[in-house]
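S.K.: Please take these sequences and the hints and turn them into a complete structure.
Going down the list, the protein sequences come from chains V and E. In terms of the working numbering, the first sequence is residues 664 to 1086. In terms of the working numbering, the second sequence is residues -6 to 218.
If you're looking for bench data, these hints aren't it; they were derived computationally from the structure. It should be emphasised that the depicted structure is a prediction, and the values quoted were computed from it without experimental measurement. No residue lacks a Cβ here, since even glycine has one placed at the ideal position from N, Cα and C. What you were told as hints is all true, and nothing was included just to trick you.
Looking from chain E toward chain V, a few residues come up when the C-beta cut is under 7 Å (computed):
id, residue
1, I45
2, S109
3, A164
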Amino acid sequence: MQWLYLYFPALTALAEAEADAALRDRARLLYRTSADISLHPPAGLWLKLKAMRRLYPDLRVYWAALAEQLETLRDEQGYHYAPGATPLAARLLALTGYNHWPASAEPLNEALAACPLVYTDLSDKVQTQCRRLGLTGVGELSAMPLKALARRFDSQSVHYIGRLTGQLKHPLAFYQPEDQFAETLDLYYEVSLSDRLMAPIDTLLAKLESFLRRRDSAVQQLTLQLWLRDQPPERLQVGAAEGLYRVDDWHTLLALSLTEKPLAAPVYALGLYADRLCPQQGSSQDLLAGRRNRQSAAQLVNVLQARLGRAAVQQCSCANEHRPEYVSSTRPALTPEATAPLPDTRALRPTLLLPKPQALAQAPDIIHGPERITTGWWDGALVVRDYYVARRRDSREPGQWCWVYRIPNSAERHRWYLHGYFS
Amino acid sequence: MLSFDHPLIARGFQRPLAQSTPLTSGYPALDQALGGGWPATGVGLVETPLGIGELRLLLPLAQQVTQEHWLALINPPHPLQSDAWQHAGVDLERLLLIHTESGKKQLWSAEQCLKSGLCRLVITWCDRLTVTHIKRLQLAASEGDALLLVLRSPHARGGALPVHLRLQLRAHARGVQVAVLKQRGGWPVPAFVVAMHTHWPDLVVPERAPNITPFVRQPAARHAG
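M.R.: The following block contains the structure:
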């Protein structure tokens, strides 16, 4: 007993694409228990038993585990199964509805020998030919040497019988689980309130969680597709700063993104997609640290970015640069820093810098200065400025500590510009 | 009679007293006026014009906070010049900058940051606050053991708000002039000067020696203001 064939009669009635999807679903389900699965469209699966024997010395225990998985399908028409020495032998017996798990190989061989030719994959012409020759069962046919068969039948049939008896090799391609998550859900009724959507989304997220758990991975981005009545479908991308897989984590983020997006029309179907998987990161929290319900930085950033957008939550860093407007750089929070950090120059700099220098109507009171910055001639943004620390007199609140500059040796060298506040 | 403060009565919903030790401000004069430093949790209102040194008053606190926890700045009036912050010892890796379009989202972000337990200090610039806002923020602050400082312009309108602390700042030649208008568990303190010459020696108006008469270049009237 090297092989097990599972036959699902319900799939034969489906269209090709649907049957294929359903078969893949079943393979995905059984992959939790069994390692080598080969698809046999439209309605069959081969399971290789050899590899599983090490895990389940008693194959009946293995079968019990498989049967438990198959129960969850709730397929009304059920399934047929049979073990066999070769893939085709198992298939043949399964088609007859063998549905046994024999203790030894003998009853299996007897059942196979008694199997009528109708169940084989031989063509009608060959079957008629066999009947005329007086061959009624598979046993009689497989007892004949292949050479003798080759004289009477076409090569396809010889091949089939050779594979059935194990005289010829039968290579099979095994199923590989997908690395992408794609699930859709048709709603029983149309939903027009976005918070009502969260219940069906949770069922999709639960599937995602089990998908990710099995792969020991997480995702950083999810795509939620909403099919709207009389409108083109809407896609919603939700990102997270770290890989997440739990339903609760994604639930919060999706709920926040949905509140920001009013629905244009009632939703009748949902789809959830994730393709780029990343490894799960464990987090350790100090139980005794005292501070309660402490979130990780990534958790907080995820929540904020889900509502405000990715660009709204930033971190800043210093670039190795002398022009004040190029020193500060911001990046979305928790992304790696792009520039090398600045060696501390110990120069006095304002805490707030105006995005655009502002011309001052009146000269301020100079306290310190000047500090000349002449740089940037190589990239076209030449800066020649004399910076002063000054206090303003002309604003509504006098006494502001300002960072002002003049452009020396130019026509407007008496003009003052406000560039920052020593706030 | 057994009072509710009796140590034998377990009060699970209250945090231990040790956590409410104030955070030192780095300025002795301010620490003294505030009874040890900034409150450990709650909402503080700082009424200040822009650019008089109000952030420099908070920088030692920010530096101290980012040693272990995070600091969130929500809607600063201008972009930060990060090297100044780094120079002041603030760990930029633990500084979160948040920009929001609406006031509603600003308060929501402040609430999230406070509640998270990650940010020890949240600084935001906001002129429009109501009693409901403050109460909600206070709840979030106590939940996450965090301090929220709201900086607002002295011209902002608003009635009495149930904040823990209310300061009024004015520009001063030697630092910042601070008046404590209200503090929980303490008395108001009339205006005093927080000298900044130790922290920012270049940002104080140098005192002239009494025997030097300045050379007047411009009409004296312009110096009067």
